[in-house]
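A.B. asks: Okay, here's what each chain looks like letter by letter:
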Amino acid sequence: MVDVASLAGVSIKTVSRVVNGVTTVDAEIATRVRAAIAHLGFQPNQLAAALKSGAPTATIGLVIKDVSNDIYATLMLGAIDVARHHGTQIITSVIGESQSDIEELDAIYDLCRRRVDGLIVVPGSGDLSGLRSQIDLGTPMVFMDRRPHGLNADSITVDNRGGSREAMRDLIMRGHRRFGVVVDSLSIDTMSERLAGIRDSLRESGILVSQSQIVTGVRAPTDAAGVVTRMLNMTAPPTAIFCGNSRSTIGAIEAIRAQTTPVAIAGFDAFPLAHLMPVPLTLVSYDANFMGQRAAELLFRRIGSDSREPEHVVLATKLLHLGGSLA
Amino acid sequence: MLKVTVAGHICADLTPELPAGIGIVPGQLTNVGPLIIRPGGCVVNTGGDLAALGVDVTTSGVLGSDELGRIVLDHLDRHGIGTANIEVSTNAATSYSVVIEPPGMNRTFWHHVGANALFDGTSVSVNDTDLLHIGYPPLLPALLPDSGAALAALLRRARTADMTTSLDMAVVDANSPAGRADWHGLLKRILPLVDVFSPSLEDLRSSLGVQSIVDRDGLQRLARSLIDDGAAVVMISAGEDGVALCTAGAERFAHGGRVLADLTAQWCDVDLWMPALPVEQIKTTNGAGDAASAGLLYGLVAGCSAPQAARLAITVAAAKIQGDPIANLSLANPNVV
Chain R
1 MVDVASLAGV
11 SIKTVSRVVN
21 GVTTVDAEIA
31 TRVRAAIAHL
41 GFQPNQLAAA
51 LKSGAPTATI
61 GLVIKDVSND
71 IYATLMLGAI
81 DVARHHGTQI
91 ITSVIGESQS
101 DIEELDAIYD
111 LCRRRVDGLI
121 VVPGSGDLSG
131 LRSQIDLGTP
141 MVFMDRRPHG
151 LNADSITVDN
161 RGGSREAMRD
171 LIMRGHRRFG
181 VVVDSLSIDT
191 MSERLAGIRD
201 SLRESGILVS
211 QSQIVTGVRA
221 PTDAAGVVTR
231 MLNMTAPPTA
241 IFCGNSRSTI
251 GAIEAIRAQT
261 TPVAIAGFDA
271 FPLAHLMPVP
281 LTLVSYDANF
291 MGQRAAELLF
301 RRIGSDSREP
311 EHVVLATKLL
321 HLGGSLA
Chain U
1 MLKVTVAGHI
11 CADLTPELPA
21 GIGIVPGQLT
31 NVGPLIIRPG
41 GCVVNTGGDL
51 AALGVDVTTS
61 GVLGSDELGR
71 IVLDHLDRHG
81 IGTANIEVST
91 NAATSYSVVI
101 EPPGMNRTFW
111 HHVGANALFD
121 GTSVSVNDTD
131 LLHIGYPPLL
141 PALLPDSGAA
151 LAALLRRART
161 ADMTTSLDMA
171 VVDANSPAGR
181 ADWHGLLKRI
191 LPLVDVFSPS
201 LEDLRSSLGV
211 QSIVDRDGLQ
221 RLARSLIDDG
231 AAVVMISAGE
241 DGVALCTAGA
251 ERFAHGGRVL
261 ADLTAQWCDV
271 DLWMPALPVE
281 QIKTTNGAGD
291 AASAGLLYGL
301 VAGCSAPQAA
311 RLAITVAAAK
321 IQGDPIANLS
331 LANPNVV
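Just so you know, the protein sequences line up as chains R and U, in that order. Going by the working numbering, the final residue of the first sequence carries number 327, and the count climbs one at a time with no gaps. Going by the working numbering, the final residue of the second sequence carries number 337, and the count climbs one at a time with no gaps.
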């Protein structure tokens with residue numbers, strides 16, 4: 001800015017007034033300043049300006065899980081779309097399922113220190129009550145995919161229990177009685193809710209939950225494939241497998257390729273190319289892009305000083321029948 | 001109240017507190033939490049639960065002459081459970097299981113049979129006690145040869161003393177000697193000598209190969225078939241689903257020892273399903289089946305009705321799963337349970 005002032009032969013204050021669009025600057029001087037800016041390639045530092053004035057930084061933080069998982073990538077795109085319309089950029093921090101609660105809090109506080117205008121967080125299972133003071137100090141937060149533990153704040157989640165209940169009812173209606181269930185760690189709320197929905201539908205049909213093969217703590221597709229292979233090698237193997245997320249579904253598809261008898265697969269989350277799979281799939285799907293959008297809209301409402309009670313949006317799911325029959 | 005002897009399987013569970021996602025990687029050091037040593041097996045679990053419910057309990061089993069054995073004995077003493085019939089052997093180590101239970105994941109066990117292999121039932125006293133509960137034959141290999149001859153001999157001895165006999169099972173490991181036993185033949189031979197039989201569905205799946213039980217109706221049919229095989233009272237527990245309770249006719253109760261003799265009218269010809277109680281927070285599922293057996297046996301020795309006893313079974317099991325002290329259950333008046 002000093003260089004611009006020197007080249008245009010004006011004071012720094014005048015350059016600042018031109019940059020900030022003050023209309024009372026003499027037109028000839030303003031033209032000279034703009035020419036100097038163009039010549040020197042000067043970019044005003046909006047962040048520094050905002051820090052000095054305490055004004056919004058036009059950035060929001062996003063703390064999200066593994067973005068190589070299509071669901072999280074889609075959530076992120078939804079949020080980005082809304083942020084763009086608010087002239088806001090997103091700073092993203094990826095905190096995987098296996099990272100600690102402390103790492104998650106570190107990432108959130110780091111974004112707060114960068115003076116983001118607000119945060120969208122896909123929370124882990126740790127206690128987040130400590131974030132209350134940050135929210136009260138003026139950094140609003142919206143929680144997406146899961147509700148935060150120990151904190152009443154805006155959230156947008158999916159009807160996990162209802163979705164898996166519906167998928168299981170579908171399998172039971174088609175005559176299945178012997179089930180294998182593969183889910184990630186039950187410390188993840190979405191997983192325990194999905195398992196609760198499975199239990200609901202078994203109980204209402206008089207089928208013994210305890211006789212289903214329920215394996216928890218399964219994360220990678222290869223692990224899911226191993227678990228499903230072991231289930232299918234049992235004396236009385238399941239005739240249908242329910243998977244808690246798309247990674248497990250992909251593992252299950254891999255495992256049943258080697259089977260001669262047909263095994264039905266149902267799972268939570270749609271995923272790319274699911275319709276091209278050589279086996280019939282029943283998938284619990286929801287609009288992840290809409291969830292990302294809605295989270296961002298809730299956040300911008302709070303940034304706009306909305307002081308209503310926290311809102312908890314729960315998105316409905318729908319059942320998709322995809323894939324082909326076994327060759 | 002009537003007196004109970006719990007005999008057979010006794011061991012210690014060694015449970016290291018593990019972080020989430022732990023695996024076994026050769027050559028790698030992984031930090032874990034403290035080790036919990038918890039005496040277990042039918043003798044400690046069912047015996048301990050009965051004692052906590054206020055029943056006069058004595059025990060019989062075999063421990064090794066080692067530190068683990070001393071820990072188990074000390075535990076029984078501290079809980080007011082009679083140990084006069086516990087044998088301490090220098091010929092085998094105390095039986096133990098290493099329980100691998102990372103958060104949010106299914107459990108894995110590494111089990112050492114140890115001194116339980118020496119239990120043949122001959123040291124069990126049948127004097128001055130009213131009910132003999134034995135568990136678990138699949139983990140007591142000396143009871144099994146010749147279609148369970150040693151087990152049958154123990155049950156006959158108890159019957160001669162007019163005791164009521166009770167039996168609990170365990171999951172049969174297909175790769176162990178017990179996995180090669182003819183469980184159909186063995187149970188047909190001994191069930192006429194067993195008054196109360198309280199296995200889990202898993203125990204029966206693994207021993208009898210009954211793979212087709214997937215719903216409540218199937219479970220109740222299975223319970224009825226075990227009554228047909230000769231037992232007087234059969235309770236099959238199906239984990240988080242609940243228990244099926246089925247009983248024989250009045251004639252069978254007449255040969256059911258001192259405990260059943262007074263209960264014939266309210267217990268004969270029962271066929272009921274009792275759904276498990278919802279559990280808020282699962283602390284452990286270890287010993288839940290033993291707790292259900294203890295609830296049932298308490299109901300019998302306290303003179304409860306069959307539905308009350310089934311209710312007791314699921315109540316004691318739920319308390320065990322939630323980690324609530326069994327002694328705190330208010331069961332003084334079974335009608336309120």
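Hints in this document: simulated from the structure, not taken from any laboratory. All values derive from a computational prediction rather than experimental measurement. Careful: at least some of the hints might be erroneous.
[Unchecked claim] Taking CB as the label site, the calculated pair distances span: (1) V25(U) / N20(R): 53 to 61 angstroms; (2) E309(R) / Q28(U): 16 to 24 angstroms; (3) S98(R) / W110(U): 44 to 52 angstroms; (4) L29(U) / L77(R): 36 to 44 angstroms.
[Said to hold, decoys possible] Not everything, but these chain R residues come out facing chain U in the computed CB check (under 10 angstroms): (5) I91; (6) R199; (7) R219.
Ideal placement from N, C-alpha and C gives every residue a C-beta, glycine not left out.
A.B. asks: Take the hints in turn and mark each one as holding or not.
C.D. replies: Hint check results:
1. V25(U) / N20(R): 53 to 61 angstroms: holds (59 angstroms)
2. E309(R) / Q28(U): 16 to 24 angstroms: The hint (16 to 24 angstroms, Cβ to Cβ) is violated, given that E309(R) and Q28(U) are roughly 49 angstroms apart.
3. S98(R) / W110(U): 44 to 52 angstroms: violated (25 angstroms)
4. L29(U) / L77(R): 36 to 44 angstroms: holds (42 angstroms)
5. I91: violated (28 angstroms)
6. R199: holds (8 angstroms)
7. R219: Holds - the Cβ of R219(R) comes within 10 angstroms of chain U, reaching about 8 angstroms at its closest.
The structure is inconsistent with the numbered hints 2, 3, 5, although it conforms to all the rest.
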